[in-house]
Every structure is written in structure tokens, then in C-alpha cells.
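Protein chains in written order, with the numbering used here: chain A, 1 to 226; chain B, 1 to 226.
Among the hints, a few may not be true.
One copy or any two copies: either way a pair holds, since identical chains are not told apart in the list.
[To be verified] Quick list of in silico lysine-lysine cross-link-like pairs, DSS-like style, CA-CA up to 27 Å:
no., residue 1, residue 2
1, K130, K7
2, K7, K129
3, K130, K197
4, K197, K7
5, K129, K197
Simulated from the structure, these hints should not be mistaken for lab results. None of the values given here were measured: they were computed from a predicted structure.
What follows is each chain in one-letter form.
Number of protein chains: 2
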Amino acid sequence: MGSGSTKLRLGVLASGGGTNLQSIIDACSAGDIDAQIVRVICNNPNAGALQRAERAHIPNCCINHRDFDTRTAFDAAVISQLQQDRVELVILAGFMRIVGADFIRAFTHRIMNIHPALLPAFPGLNVQKKALEYGAKFTGCTVHFIDADVDTGPIIAQAVVPVFDDDTEESLSARILEQEHRLYPHAIQLFAAGALKVEGRRVLIDPAYANTGKFHASALINPPPA
Amino acid sequence: MGSGSTKLRLGVLASGGGTNLQSIIDACSAGDIDAQIVRVICNNPNAGALQRAERAHIPNCCINHRDFDTRTAFDAAVISQLQQDRVELVILAGFMRIVGADFIRAFTHRIMNIHPALLPAFPGLNVQKKALEYGAKFTGCTVHFIDADVDTGPIIAQAVVPVFDDDTEESLSARILEQEHRLYPHAIQLFAAGALKVEGRRVLIDPAYANTGKFHASALINPPPA
Chain A
1 MGSGSTKLRL GVLASGGGTN LQSIIDACSA GDIDAQIVRV ICNNPNAGAL
51 QRAERAHIPN CCINHRDFDT RTAFDAAVIS QLQQDRVELV ILAGFMRIVG
101 ADFIRAFTHR IMNIHPALLP AFPGLNVQKK ALEYGAKFTG CTVHFIDADV
151 DTGPIIAQAV VPVFDDDTEE SLSARILEQE HRLYPHAIQL FAAGALKVEG
201 RRVLIDPAYA NTGKFHASAL INPPPA
Chain B
1 MGSGSTKLRL GVLASGGGTN LQSIIDACSA GDIDAQIVRV ICNNPNAGAL
51 QRAERAHIPN CCINHRDFDT RTAFDAAVIS QLQQDRVELV ILAGFMRIVG
101 ADFIRAFTHR IMNIHPALLP AFPGLNVQKK ALEYGAKFTG CTVHFIDADV
151 DTGPIIAQAV VPVFDDDTEE SLSARILEQE HRLYPHAIQL FAAGALKVEG
201 RRVLIDPAYA NTGKFHASAL INPPPA
């Protein structure tokens, strides 16, 4: 896009190492998404995500949930910071706090999350292990808008990967994470391009961005036929 | 396999039109699976599956559940017929009756079912419609062994297909059905080859049959990136 255009203003919330944050930083730098991260907020002062933001010269701060008596008060502080930064899209990137009703109202269909499973299969925590133990032959990751429940909001994009018999929790998590790093920037760019429309619980994609032609006959089978 | 070898003896239970039965008949005829269907049983005298069996000269009968006072009595009649035919693997192909505990005990890990969704997502009925309405970007089909609950048994094989914004229940069902017709014969052949081992709720594939090499880097994303 041209230098005169206005980039979508992202606020990223993270609790951990921030590899998904890094993939978004990199995609912004590379010009793959028409967005800029204007704020990184961590609820944990030791989150690696803060150092990644610092290295990329992105404004960042810790808002420690332990400093607040209630989730509502913590959420209010986060909302206030995001509004001050004129954030247009909130990105949860390994953010381990549940977002409350006030937060969702303030940013309706403007909060994205990524979940390391093919929702509605395997909501909750430790889902790579759960998929493995369940014996699923496929799992993946899901980018969705946040709604009032956990892991139930309208699905924007999904990536599928096979599960193999010799997988460990680590090998499967790594295979999924590789796709997370592709999927999240892709979903953010669809939003930045104005290509997403939420209808009930379905997220429809502007056909100009859907690229379905090359894809119609595709299917994966696991275990793969000879 | 050579003409002197012994083919796996299949019993197929169906309630409806029998397109999955047909795909198995065709795969047996083509020699793609080392199995023969020795009996088709329908619980409904008008099931198209009976005509398909008749056309293929496969022994077939109707055991009408309405003729029995209890599910246990109906199941006992079906089990008796299958045992008389020395059936080694029972194939549920659109069989709309729940299989009882006695039946499962008589054929532990020797009853397969196919379900038109990526279990554990979307168990139950009308699941193509449910996947569409949920806004899932992928769905598919699952071949699994039957256990004591519905749609929960150990997963043998799965196929994934994308869901598109312009899908109807019919178009999505057709895309899944195309994969069902590939997946079910494939899963039966893995059983016939002795390549399946059930460990807890995981079904492990003999590595000689897993063909994972060509597959390790594969992933699908929907909506597909540019």
C-alpha cells in the first residue's frame, strides 16, 4: 500500500513468549499486512512478548492483573489503554486471561484470538495433548472473534494439519504452531482489507479475497492412501 | 492377493440408499480391498441398499426392527445372522439404529462406522448442516470403531474438506460424501491387511501402510491465502 494510506491500528495482548506476536510483527514489517502494532500489553511483567515489542520499537506496557481486585477493574485498565492508543483491532496472542463482557462490548467483533485446535473440537487448555490422546487424525488451529463464551466465537480462518502415530505433544504442537504463524497474519490482513463480514456465527469472506478456485477439489486423508 | 488367499468376510448393515455400500462393493470388485461382502442386512425393507446387494449377487436380508419388542432382541437376531455368515468385520453404512452393548461385546473392535464430520466435532445427526451453521471452515468424515457411546469410538481414519461461504447443506454433503466413498474402503483395507492396532482410544497404523512421508509438510488453510 502507498505511504499515504492509513494502516489498521493493532493492539496485541500477550502473556507468554510471544511467538505469535513475532509473526505479526514480521508480517507488518514485510508489508504482508496493512496494519501496524501500536501497543503491546502483557499481564505478566516477565512475558517475553514485552522484549519482542521493545526490540521492534513498539510501545508496550505491563498491566499486571495481580494489581487489580476484580477482572472488571483489570479489563477497564486494559480497555482504557487500548482506547488511548486508538486501537481498531485487538489481537489476543497467548493471552491467558478471560476477556470480560465489558471488554467484548467495547470491541465487538474487533477482538481476535487464536486457538491451537480445530474448533469446535478441543476447546480449553492443553488441546494438542487432548487431540493426541483422543486419537484424532487431524487437528489444527483456529482464528476467531471473541464472544461471551470461551473458544466459541465466530470462526474467521482455520488451518488443518495431520496427526501422526509417532507424534509427541511437542512435535504436534510445533506442527500446529507453524500454521498459527501463517494463519494469524492472514486473518488480520483479511480484516485490514475489509474482507470479513460477520453474519450470526458465520464469518463470510469477500469473494475477491477467498481464492477458492484453486482449492475446490482439495481434501486430505489421514492415514494417507497409498 | 493370490486366488488361494482368504478374503476378509464383511457384513454390511444399512438403512438407506447405500451409496457407501456401493463404494465398498466396487472396491471389492476392483480388488482394491482384500475383502468380500458375505451379507448385507437392512432394518428397513425398502432400503435401496438391498437392491444394490441383489444387483451385485450378495446375500442380503431385511431384519425389521419393528418386528422386535426390544433392541436387545433385534440385536440378537442381527448378531445371529452375522455369526452364521462367519462375518469378521461389521460395516455400518448409514445404519440408523444404535448398536447395543451385546452387539459390541460380540464384535469388539470389529464394528466400523462412518460419520460425516471430523469427530469429535459435530457428533449426532444432520452434522453437515450443523458444521455449516457453526461457521466451521473445515469439516470432513471419520471412520471409527464402535464403542459403548455414540460417535465416540477409536478413530481409524479421517478425511478433511473445506467449507465455502456459498455452500448449501447439499453441496457440502456432496463434497463430504465424495470423501466417504474413498475413506471407507481405505479403512477396511487397512483392517484387512492387519495394519490396525487399537491402543486405548488411539488406532495405530502399521508404519508400512502409513505413507506419511509424502504428507509431513501438508496443511490446508481456509480461506486460502493468496
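Status of the hints after comparison with the structure:
1. Taking CA atoms no more than 27 Å apart as the test, K130 paired with K7 passes in neither setting, with 39 Å inside one copy and 37 Å between copies.
2. Neither within a single protomer nor between protomers do K7 and K129 lie at most 27 Å apart by alpha-carbon distance, with minima of 38 Å and 38 Å respectively.
3. For the identical chains of this complex, K130 and K197 are inter-copy neighbours only, at 20 Å across copies versus 32 Å inside a copy, given an alpha-carbon limit of 27 Å.
4. For the identical chains of this complex, K197 and K7 are intra-copy neighbours only, at 19 Å inside a copy versus 54 Å across copies, given an alpha-carbon limit of 27 Å.
5. In this assembly of identical chains, K129 and K197 lie within 27 Å of each other by CA distance solely across copies; the values are 20 Å between and 33 Å within a copy.
Hints 1, 2 from the list above are not met by this structure, while the remaining hints are.
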